[in-house]
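**Student:** Chains as they are written, first to last, in the working numbering: chain A, 1 to 470; chain X, 1 to 92.
Heads up, a few of these hints could be off.
Claimed, not checked - List time: in silico DSS-like cross-link candidates among lysine-lysine, alpha-carbon distance up to 27 Å:
#1 A:Lys211 / X:Lys86
#2 A:Lys16 / X:Lys80
#3 A:Lys470 / A:Lys450
#4 A:Lys130 / X:Lys25
#5 A:Lys58 / X:Lys65
#6 A:Lys130 / X:Lys32
Stated by the list, open to error - Looking from chain A toward chain X, a few residues come up when the C-beta cut is under 7 Å (computed):
#7 Ser24
#8 Pro26
#9 His37
#10 Met49
#11 Val51
#12 Asn53
#13 Asp265
#14 Val275
Keep in mind that the hints were calculated from the coordinates and are not lab data.
By construction, the Cβ of each residue, glycine as well, lies at the ideal position given by its N, Cα and C atoms.
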Amino acid sequence: MEDVTIGLEVHVQLNKLKTKLFCSCPLNYHDSPPNTHVCPVCLGMPGAMPVLNKEAVKAAIKVAMALNAKIQQTVVFDRKNYFYPDLPKGFQISQYDRPLAFGGYVIVDVDGVEKRIDLKRIHIEEDPGKLYYKGSITVAKYSLIDYNRSGAPLLEIVTEPVMKSPKEARAFLNKLRILLEYLDVFDPELEGAMRVDANVSIAGGGRVEIKNISSFKGVEKALNYEIMRQRNLIKMGRKIERETRHFDEAQSITVSLRSKEEEQDYRYFPEPDLVPINVEELMKEVGKLPELPEEKKERLKAQYGISENYAKVLVLDPKMSDYFEIVAKSVNAKIAATWVVDVLRGELNYRGWNFLKCFEKFPPEEFSKLLNYFLEEKITEKGVVEVLRTKLDQGGKVEEIVEKKRLFAIPKSEILNFCKEVIEENPKAVQDYYSGKKQAINFLVGQVMKKTKGRADPEETAKILSDLLK
Amino acid sequence: MVSLEDVYHVAKLSKIEVNEDEARKFRDEFEKILEYFNLLDEAPESEPMYHVLELINVFREDSPKICLTQNEALMNTRHKEEGYFKGPKVME
Ligand SMILES: [Zn+2]
Chain A
1 MEDVTIGLEV HVQLNKLKTK LFCSCPLNYH DSPPNTHVCP VCLGMPGAMP
51 VLNKEAVKAA IKVAMALNAK IQQTVVFDRK NYFYPDLPKG FQISQYDRPL
101 AFGGYVIVDV DGVEKRIDLK RIHIEEDPGK LYYKGSITVA KYSLIDYNRS
151 GAPLLEIVTE PVMKSPKEAR AFLNKLRILL EYLDVFDPEL EGAMRVDANV
201 SIAGGGRVEI KNISSFKGVE KALNYEIMRQ RNLIKMGRKI ERETRHFDEA
251 QSITVSLRSK EEEQDYRYFP EPDLVPINVE ELMKEVGKLP ELPEEKKERL
301 KAQYGISENY AKVLVLDPKM SDYFEIVAKS VNAKIAATWV VDVLRGELNY
351 RGWNFLKCFE KFPPEEFSKL LNYFLEEKIT EKGVVEVLRT KLDQGGKVEE
401 IVEKKRLFAI PKSEILNFCK EVIEENPKAV QDYYSGKKQA INFLVGQVMK
451 KTKGRADPEE TAKILSDLLK
Chain X
1 MVSLEDVYHV AKLSKIEVNE DEARKFRDEF EKILEYFNLL DEAPESEPMY
51 HVLELINVFR EDSPKICLTQ NEALMNTRHK EEGYFKGPKV ME
């Protein structure tokens, strides 16, 4: 896809803050009735004055630092003027020629190959409210407006047009999301946490902008569709016009929008109700960033002696690596990494859970206890998985589950006795084994498993049986 | 030079309807204003001013305050339904 060029504008809601960007309305509006988290400022009432949330600027500075961007000395807010019902003032407070930061980059991993994605700029702006239509937009006669979201703090992160495939775009968004989680400024689970506009063009054609893709997975779908659409037009000998399209999530297609305003139509001018920011003092308050994924990965490898691959997976979710580190306190680190990454992670994925949830459902201290039962050969590998699933689905204490399910492994001496019994009771299978049908041993193992109700380790049992039959 | 089209465009962006007579009047006035701004070309170059006050860094702490109730938020409008404001339908 060398002829494809993709650029992204990512809107990130700084949704871990307690209040909106310019007023003290609480930001926890997500499950609330409409228009209950509003005040004269975010309703755009005449005379109401915005006052900037200091923590929002600090959070934005953290993000800019983590993205290696050049934070500007003097930062200014501007009014972006346009009429839309979700914008009660008739303008959006945003940033124009003095944004928070220019430049920056992110290193992403695309199928094992590292690629640098350069950024154009990062700015702070307020979120508009939200429009609803009863039934659907085509049948509704008017819109319904909820201003709970109005004035929520947003960051707009604009990349250079440097991505060559939808896959790269997804890798960039993934990395961005992980960084934001490490900085603790962003909860990706909340509705509307990340929205994306994507520019895509094929060499020689006009640039097409896809507006407001509201889900993370939607981005790759929208881009794939759009590239296919453009390629088909080119095949038919048509020219790709520059235009703006909307992504229809339900149908996974893009639809043309009537032309939107040109940049000069927004008539940007400095917001007279807000004074400029000098970031120096705030940078001091922000101080050093928390440990970011790259650093953490290197530390995990050095401190625990785990492989690059395990470390790489562990740092994908800060909560997963935290979990691992607690388990590794009382369990051999390499074994802990294998179980956390290869088994526990899969079981959580299967249930649509993340590690944050795992802390609540299966605290790492208890998982360590379970792994130690295994390492002390008190239960089998199969037993560990069974306890793990039971614990996740039904709760309860590890030792009680093991007890109740009679998972404590049987001592070797007892297995030996069962093996002797089985050999005596199954002369036919023994005969087969001696006459060269080596798989007959599986039948004998099965008989031992039956007698022990699955508590004997099958490998161990097979070994004992073949020793006895020598 | 300001054209009548420019006036109609600006009027549309501002959601104001103008008839042709008004548009001509605005065109002449816009031209005078822009001419006046040409004076700035003679002014010595300097840093752009972003704010008339010399203040910087006016902030608020991130602590929530009580906001309006839904009834209070909607009390000044007739255009409401089920807790929402009613607005125009916008087809892009
Ligand atoms: Zn408010």
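**Student:** All hints are to be evaluated individually against the structure, with a verdict given for each.
**Tutor:** To see whether the hints hold, each was checked on the structure:
no.	hint	in the structure
1	A:Lys211 / X:Lys86	holds, 24 Å
2	A:Lys16 / X:Lys80	violated, 31 Å
3	A:Lys470 / A:Lys450	holds, 23 Å
4	A:Lys130 / X:Lys25	violated, 39 Å
5	A:Lys58 / X:Lys65	holds, 20 Å
6	A:Lys130 / X:Lys32	violated, 41 Å
7	Ser24	holds, 4 Å
8	Pro26	holds, 4 Å
9	His37	holds, 6 Å
10	Met49	violated, 10 Å
11	Val51	holds, 4 Å
12	Asn53	holds, 5 Å
13	Asp265	holds, 6 Å
14	Val275	holds, 4 Å
Hints 2, 4, 6 and 10 from the list above are not met by this structure, while the remaining hints are.
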